[in-house]
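Line order of the protein sequences matches chains Z and V.
Per this note's numbering, the very first residue in the first sequence carries number 23; after that it's consecutive.
Per this note's numbering, the very first residue in the second sequence carries number 23; after that it's consecutive.
Take these hints with a grain of salt, some might be off.
When chains are identical, the list treats them as one kind, so a pair holds in a single copy or across two.
Unchecked claim - Listed next, the in silico DSS-like pairs over lysine-lysine satisfying Cα-Cα at most 27 Å (straight line): (1) 225 to 246; (2) 225 to 37; (3) 37 to 101; (4) 63 to 128; (5) 202 to 128; (6) 225 to 202; (7) 128 to 266; (8) 101 to 42; (9) 41 to 63; (10) 101 to 266.
Hints are computed from structural coordinates only; laboratory data are not their basis.
Protein chains: 2
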Amino acid sequence: MAAIIDGRQIAEEIKLDLKKDVEQLRNLNCVPNLVVVLVGKDPASQIYVRMKTKAALALRISSETIDLPTDVTQEQLLKTIDSLNKDNNVHGILVQLPLPAHIDEKAVINSIAPAKDVDGFHPVNRGKLQTGEDTFLPCTPLGIQQMLARSEIDTNGKHVVIVGRSNIVGLPLATMLVQKQAGANATVTVCHTGTVGLDNHTKNADILIAAAGRAGMIAGPMIKEGAVVIDVGVNRVDDPSSDKGYRIVGDVEFESASIVASAITPVPGGVGPMTIAMLMFNTVKAARQLSQA
Amino acid sequence: MAAIIDGRQIAEEIKLDLKKDVEQLRNLNCVPNLVVVLVGKDPASQIYVRMKTKAALALRISSETIDLPTDVTQEQLLKTIDSLNKDNNVHGILVQLPLPAHIDEKAVINSIAPAKDVDGFHPVNRGKLQTGEDTFLPCTPLGIQQMLARSEIDTNGKHVVIVGRSNIVGLPLATMLVQKQAGANATVTVCHTGTVGLDNHTKNADILIAAAGRAGMIAGPMIKEGAVVIDVGVNRVDDPSSDKGYRIVGDVEFESASIVASAITPVPGGVGPMTIAMLMFNTVKAARQLSQA
Chain Z
23 MAAIIDGRQI AEEIKLDLKK DVEQLRNLNC VPNLVVVLVG KDPASQIYVR
73 MKTKAALALR ISSETIDLPT DVTQEQLLKT IDSLNKDNNV HGILVQLPLP
123 AHIDEKAVIN SIAPAKDVDG FHPVNRGKLQ TGEDTFLPCT PLGIQQMLAR
173 SEIDTNGKHV VIVGRSNIVG LPLATMLVQK QAGANATVTV CHTGTVGLDN
223 HTKNADILIA AAGRAGMIAG PMIKEGAVVI DVGVNRVDDP SSDKGYRIVG
273 DVEFESASIV ASAITPVPGG VGPMTIAMLM FNTVKAARQL SQA
Chain V
23 MAAIIDGRQI AEEIKLDLKK DVEQLRNLNC VPNLVVVLVG KDPASQIYVR
73 MKTKAALALR ISSETIDLPT DVTQEQLLKT IDSLNKDNNV HGILVQLPLP
123 AHIDEKAVIN SIAPAKDVDG FHPVNRGKLQ TGEDTFLPCT PLGIQQMLAR
173 SEIDTNGKHV VIVGRSNIVG LPLATMLVQK QAGANATVTV CHTGTVGLDN
223 HTKNADILIA AAGRAGMIAG PMIKEGAVVI DVGVNRVDDP SSDKGYRIVG
273 DVEFESASIV ASAITPVPGG VGPMTIAMLM FNTVKAARQL SQA
């Protein structure tokens, strides 16, 4: 049976280190400050924002949420971001996605000052990722890389197969893991909905990363004996036996996969907590750089 | 025997179209203008710059080379670029690489106005490539994509294996070919010097792209029967029988490869001419956008 990679525990370890960094910055009169902009009242977004704010406050990172109405104009939103860009007391700016359809998401992301872009979604930060320059790496890919490193799973020379080509996970993670760097230097394959014969690819993976957003799409027979499986999926499936009427599952069919894999991340409790920990990491980094502490 | 993909001929077709575009712009009082900055006297760089300028002039694109001495300071170089950024008559700026060791290449690339970055090397343009936004795509990857499209080689659902992870070819090409777009939608694997068992990867490729910069590293037995082989290598090998004492070869061992492959690009006369044609394409695009013609 596969070993469980405990994302909650690893995230706690990282946050313990960050807490010390925050105290150091505070002693230098810099209070790291993350501002989250939330447009509208999407329940899932509200939960995510609350989790981020809570994590920040637990580390003594100052955190504020700016709630904007669903019908806020793009101009008003850009004006809000502009004032956050200019505010020296703000170190990290996060606009919770998705945005309402009338707002151009890319225009909004492009308006965030790259030095405060703790999500790592600004083109200039994405571009620096590719050339290996110092930048804010997007939180989920960075969390996965950290989780592997802290579990002593070496990516060097391994064949990593990523299922999913999103701008948030699949593509930046592929670019990160292929770099000639510690914690990387893997041979990387990116699969997606256009891939023919997905099984043939997943079965070649030493490290298989499921980031497609489809419940249980990766089952045991698609996995090589002894592979490491990282499940990025967060899918809601109906479950009448649950109080809520649903439960959250990953992209991997956990039971069949854990018979074949050597190590696997659970959902929940795997990649999710790592993503939030890395958002805190990026916020502390932004504060340090902007305050030159 | 493999069909030869004639890069020279395809590049000529593209340039014929571009010539019409240039005339249209000229009729609107916009003369597309490419400025090349050449630092020092590296003979290879001088040849490349001359080829680019010659190609521009043949299309009635205005082109000028600014020659700077090897010992130019970084400050002076950045000042030169700044004045080109501000000059409304300049549409494309290309700094010929490599630069002397005392100059920070990344700082120089980052100083070019993204709207004039016809090489597509600025982080903001690299980042937009990843998210599928309109941008200047780097010339060699774009040339390869165009060469495949104009040879009616469909990448959709194919397994593309790229050998080489450079910022100029391998990484941007991988990101381009994996997009959910026409001329892309391939499953993409990136191999490199850290790859274990390279043959196992290359033999899986429907389309194999050799961009490692090592003469003859891909031989026939490493190629799947019927695969398409694109050779990006430009390597100088000793050849006493040649007047120059050397000849230019690719990364692919042409003779053994062309027995196995269904189609192959020669070196020279394959990817090289395409790269220059796409530089012209980007220059015309920059002129059109900046003049709003």
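Here's how the hints hold up against the structure:
1. 225 to 246: both (5 Å within a copy, 19 Å between copies)
2. 225 to 37: neither (35 Å within a copy, 44 Å between copies)
3. 37 to 101: neither (33 Å within a copy, 44 Å between copies)
4. 63 to 128: For residue 63 and residue 128, only the intra-copy Cα distance (21 Å) is at most 27 Å; the inter-copy one is 42 Å.
5. 202 to 128: Classified as between: cross-chain Cα gap 17 Å, same-chain 30 Å, threshold 27 Å.
6. 225 to 202: Both: 25 Å inside a chain and 23 Å across chains, each within 27 Å.
7. 128 to 266: neither (34 Å within a copy, 52 Å between copies)
8. 101 to 42: For residue 101 and residue 42, the Cα distance exceeds 27 Å both inside one copy (34 Å) and across copies (43 Å).
9. 41 to 63: For residue 41 and residue 63, the Cα distance exceeds 27 Å both inside one copy (31 Å) and across copies (53 Å).
10. 101 to 266: Neither. Shortest intra-copy (38 Å) and inter-copy (62 Å) distances fail the 27 Å Cα cut-off.
Checked against the numbered hints given earlier, the structure breaks hints 2, 3, 7, 8, 9 and 10 and satisfies all the rest.
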